[in-house]
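K.L.:
Read off the chains here:
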Amino acid sequence: MSRRPLRDLLLEMKDTSEYMVDLALTSILFNSREMARHVFELEEKMDRLMVEVKKLAMIAVRTEEDAESLLPILEIAEAAEDISNAAGDIAKLLKYPVEARIPLMEALITPEDTISLVLYPREAPPRTVGSLRVEDHGLRLLALRKRRRWIMEPDDEVLVEPGDLMVVSGPEDGVESLKKGLGEEG
Amino acid sequence: MKEEIKRLRELALLAVDLAFTSAIYNLRDVAREIMEIEEVVDELAEEVSRQAIRRAIETGNEDQALVIVGIANALEQIADASVRIAETVLSGMVAHEVLRSISREADEWTLYARWTGPEMSVDQLEERFSVVPLGVKRGGEWHYAPEPSFTLRQGDLVILKGTPEALDDLLAGYAETLEEHEGE
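For the record, the sequence lines run as chains C and V.
Throughout, our numbering is defined as the position within the first sequence, counted from one, plus 631.
Throughout, our numbering is defined as the position within the second sequence, counted from one, plus 23.
Please keep in mind that the hints were generated in silico from the structure rather than gathered at the bench.
Where hints are given, some of them may not hold.
Here are the in silico distance ranges between beta carbons for each label pair [claimed, not checked]: (1) V:113 x C:694: 21 to 29 angstroms; (2) V:162 x C:796: 44 to 52 angstroms; (3) V:151 x C:727: 39 to 47 angstroms; (4) V:70 x C:697: 42 to 50 angstroms; (5) V:27 x C:788: 36 to 44 angstroms.
So these bits of chain C aren't anywhere near chain V, every CB distance computed over 12 angstroms [unchecked claim]: (6) 694; (7) 718; (8) 759; (9) 762; (10) 771; (11) 796; (12) 801.
Simulated coverage check for chain C against chain V, where a stretch passes if three residues somewhere in it have a Cβ under 8 angstroms from a Cβ of chain V [unchecked claim]: (13) 636 to 647; (14) 696 to 710.
Every residue, glycine too, gets a C-beta built ideally from N, C-alpha and C.
Use the sequences and the hints to build the structure in full.
P.N.:
Written out as structure tokens, the structure reads:
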């Protein structure tokens with residue numbers, strides 16, 4: 632019974648920790664305090680998830696065998712939490728003046744950089760995030776920049792409108808094919 | 024120093040991906056490799072920090088050094104977390120059943136498979152399938168983060184990263200899954 636939620640929690644912790652590292656590095660690159668703030672929020676969420684995982688594990692253990700099968704799950708969950716703490720430390724670097732961060736920003740820009748910006752075409756009709764199927768291009772949508780606000784990790788139902796800026800991570804070819812797709816449908 | 028930071032980031036993130044892969048497929052040889060990657064990360068992190076401090080002494084800009092030392096420490100922490108995962112594999116703890124059961128729902132996943140398709144360069148693979156090879160095992164030896172020009176051949180063992188959908192596309196005719204086993 633308790634196995635099912637535990638695996639869901641582990642999945643969420645793994646996905647969240649990886650997303651946080653992407654987002655933290657991106658916050659440095661774009662000098663974005665909003666992104667950094669979201670990293671801190673997720674750090675707190677990871678703490679809560681870790682407590683949940685521990686509680687469920689304790690409830691699930693009846694025999695030594697149970698304990699042995701749950702140990703690696705706990706270890707992996709804790710490792711994901713370690714990764715999320717590291718992501719938080721990266722986002723905290725935004726507290727230093729921008730001049731002090733420039734060498735790091737330069738080092739984070741790589742030729743095949745995993746982070747790209749895609750402008751949703753002005754002539755295209757608004758569409759939901761889900762219908763864009765960004766993942767079919769091998770990309771992940773990290774954030775959406777609306778006129779006045781950022782939406783981090785936008786849900787499938789969020790509407791993408793002309794002029795919105797999409798922050799995606801993934802290979803450059805994927806970015807190109809996404810742009811092409813948007814242009815053709817626009 | 025920029026080059027070292029780039030390398031540091033690449034290696035730390037590679038370590039995480041490989042660590043999860045080693046736990047998903049119970050690959051002891053990959054898990055052992057993570058220990059080595061972590062050592063390189065440690066050395067690089069120290070080197071980068073040292074350079075940053077030296078520069079701060081010359082320029083008097085200590086904030087710049089704090090930023091560089093901060094990123095080096097964070098990336099080192101990420102590599103340490105990878106080791107933590109790899110150690111579960113090396114100590115014989117078994118998590119792969121649970122991990123595999125969540126593979127369909129993850130944002131991104133890694134696939135350990137045998138390449139059965141035609142010869143294909145890393146570049147082509149990324150372009151056609153939107154997956155990134157993290158490692159290729161040929162002749163009993165792992166090559167991690169292969170160059171864009173590296174060409175996959177039939178029989179290579181590969182670790183590929185991508186969305187579950189993209190990995191499925193590869194399994195339809197280009198690669199076949201392997202039962203988890205101890206590294207050959």
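K.L.:
Quick one: which hint numbers does this structure break? Sort them smallest to largest.
P.N.:
7, 10 and 12
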